[in-house]
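Here the protein sequences line up with chains A and B, keeping their order. Residue numbering for the first sequence follows my numbering, beginning at 218 and increasing consecutively. Residue numbering for the second sequence follows my numbering, beginning at 136 and increasing consecutively.
Calculated directly from the structure, the hints in this document are not laboratory data. Heads up, a few of these hints could be off.
What the hints assert, rightly or not - No farther apart than 25 Å at their CA atoms in a straight line, the calculated lysine-lysine pairs in the PhoX-like style are these: (1) B:Lys154 / A:Lys311; (2) A:Lys311 / B:Lys159; (3) B:Lys221 / A:Lys311; (4) B:Lys154 / B:Lys221.
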Amino acid sequence: MEYRLPKALTAVLAGITLSVSGLQMQTFFRNPLAGPYVLGISSGAGLGVALLLMAGSAFGWAVYGGTLGVWAIIIAASLGAVLVLLLMSLTAWKVRDSMTLLIIGLMFGSAVSAIISVLAYFSEAEQLKLFTIWSMGSLGGTTFGQLKGFSVATIIGILPVLWMLKSYNAMLLGESYAESMGVRIHRLRWGMILSTGILAGSATAFCGPIAFIGIAVPHMGRLVFRTGDHRILLPASALIGAIILLFCDGISQLPGSAQTLPINAVTSLIGAPMVIWLILRRNFSKEF
Amino acid sequence: MAYQEPILCARNLNLGYQKGRISKKIAENINFRLEKGKLTCLLGPNGVGKSTLIKTIMGQLPPLGGQILLNGKGIQKIGIKEISKKIAVVLTEKISTGTLTVRQMVELGRIPHTGWLGKLTERDEMKVNKAIRATNIQYLSDTPLSELSDGQLQKAMIARAVAQDGEILILDEPTAHLDLVNRFEIMHLLRKIAKEEKKAVLVVTHDLEIAIETADEFWLMQCGLPLVTGLPEDLIIRQELDILLPSEKLTFDKIDGKVRVLNEMVVNAIKGSNPLNKWLSLAMKKSNIHQLSEDSKLEIKEEPFSIELKTENSLQSFYSIEDFLKFLNNIKE
Chain A
218 MEYRLPKALT AVLAGITLSV SGLQMQTFFR NPLAGPYVLG ISSGAGLGVA
268 LLLMAGSAFG WAVYGGTLGV WAIIIAASLG AVLVLLLMSL TAWKVRDSMT
318 LLIIGLMFGS AVSAIISVLA YFSEAEQLKL FTIWSMGSLG GTTFGQLKGF
368 SVATIIGILP VLWMLKSYNA MLLGESYAES MGVRIHRLRW GMILSTGILA
418 GSATAFCGPI AFIGIAVPHM GRLVFRTGDH RILLPASALI GAIILLFCDG
468 ISQLPGSAQT LPINAVTSLI GAPMVIWLIL RRNFSKEF
Chain B
136 MAYQEPILCA RNLNLGYQKG RISKKIAENI NFRLEKGKLT CLLGPNGVGK
186 STLIKTIMGQ LPPLGGQILL NGKGIQKIGI KEISKKIAVV LTEKISTGTL
236 TVRQMVELGR IPHTGWLGKL TERDEMKVNK AIRATNIQYL SDTPLSELSD
286 GQLQKAMIAR AVAQDGEILI LDEPTAHLDL VNRFEIMHLL RKIAKEEKKA
336 VLVVTHDLEI AIETADEFWL MQCGLPLVTG LPEDLIIRQE LDILLPSEKL
386 TFDKIDGKVR VLNEMVVNAI KGSNPLNKWL SLAMKKSNIH QLSEDSKLEI
436 KEEPFSIELK TENSLQSFYS IEDFLKFLNN IKE
């Protein structure tokens with residue numbers, strides 16, 4: 218119980234945060250394949266952790282397990298996410314066009330992955346293993362204390378979305394129409410960056426990278442509820458995200474065995490076919 | 136009629152983009168008055184700044200000079216929230232959402248008027264119903280947008296703009312990509328909205344013929360020239376529509392209301408009744424045949440259709456225009 222309950226709660230929170238940030242990005246960028254990975258936020262968190270775990274020998278620090286180590290990882294991931302977020306914000310300041318912002322986000326992601334690869338190449342086996350394990354994601358590592366932090370971050374991250382629900386509905390018709398209906402695009406963009414940064418950043422910080430939830434869940438919400446209205450899609454995505462991640466967690470807990478599969482692998486195994494199926498549907502882009 | 140204060144007017148407006156210290160002027164010295172209850176058509180070639188003008192009116196782009204007054208107040212001083220309650224638009228960009236039904240999309244038009252959650256009041260519902268009725272799309276209410284034809288989608292977009300309930304409705308090429316029937320329907324629909332709802336409707340269009348038939352007012356925009364405004368019929372009589380046709384070879388024909396090539400030689404008088412005559416001469420013009428030899432006479436007959444070409448010592452008959460043209464082309468070569 219002491220192990221299972223925090224784990225289940227973590228799954229619920231991670232499911233909510235990732236899905237809600239995916240939903241925001243898909244609507245804001247009018248792109249069905251946008252997700253928390255797209256703005257480079259998850260990669261940024263990865264970079265933070267990689268620097269902490271693998272650049273230790275170069276900078277002269279070492280991180281091993283224990284409570285201190287776990288918090289160090291969370292802080293490093295948050296810092297990494299915030300760093301990428303700041304870079305993105307600076308770009309958002311300069312760039313007015315959302316498509317450009319999307320591409321720049323993807324480039325940030327690739328550049329960050331490249332830096333991680335370089336770090337991995339020079340790091341020692343022990344450190345590399347630590348990082349690899351982190352990058353597989355884990356829902357089980359959170360204590361009640363961390364759960365409190367995660368909950369607060371989730372609530373703070375969702376507040377801007379609630380505030381801007383109507384604007385997101387207007388965005389369904391594209392930026393120009395939204396503007397003609399009185400939506401301040403600049404404000405919405407900042408709100409989106411802030412909210413997704415906090416949500417996806419904290420999920421990655423506490424659980425490591427978890428793939429596909431952010432992309433696939435909002436689509437499932439649209440499919441199930443047959444609507445584009447964010448007043449329905451927001452709670453729907455949060456709910457479905459929580460359920461799916463709990464389900465994935467259940468699968469990862471191999472029945473009759475003490476072993477658990479890495480959660481990132483499970484979500485990818487379920488999410489990748491799901492995204493492919495979505496794309497192959499005849500009217501996918503039309504119905505988005 | 137009493138003097139009507141225009142809802143929107145511009146004084147010495149300069150349009151363009153400002154990027155850093157560099158400003159790119161697109162059009163200058165524009166003056167206009169947009170009035171309620173009138174359908175105004177803005178005509179002009181591509182790239183002359185029509186879309187820039189619309190963006191400036193919507194307050195999305197600051198003017199480089201001069202000012203636009205909305206109800207007598209400078210548009211720069213009005214926030215886009217306030218503007219959105221006065222001006223609704225239908226743009227050229229394609230919307231990329233299919234999950235909404237027509238009704239849900241029209242409801243989005245009420246966004247400027249609703250609270251933070253966007254909940255519709257009874258009044259909002261009424262406005263939405265009215266907009267759907269005004270555009271005759273009741274039967275489409277529950278159809279998802281992805282299943283609409285282009286014409287139906289355009290009507291739905293117009294319904295959304297009507298539901299937004301501004302006093303001004305601006306449409307950027309609402310009839311592009313539409314078939315002939317839909318083009319007529321949409322323009323007449325807009326005219327009806329202007330008249331019945333007492334809105335100022337501004338339509339950017341390239342459809343000169345339909346515009347002449349429906350518009351109360353024309354604005355003609357041409358590079359380097361001031362905006363010409365006036366009643367379409369007046370502009371036609373004054374030959375002012377010619378400013379839309381920069382090439383000296385083109386002119387606007389007052390008689391049948393069409394653009395014509397100037398200086399073309401008149402095809403020798405063709406004997407025969409009018410509709411046949413007209414199409415034959417059009418076909419000959421298109422294949423660059425402007426004159427037949429002096430001594431030849433051309434006669435066109437109905438029932439059965441035939442074309443007879445008489446010269447002094449020969450008579451030839453053709454049973455389709457195509458055959459006739461082939462024959463003429465052979466002679467030329």
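field: Numbered hints the structure breaks, given as an ascending list
entry: 3 and 4
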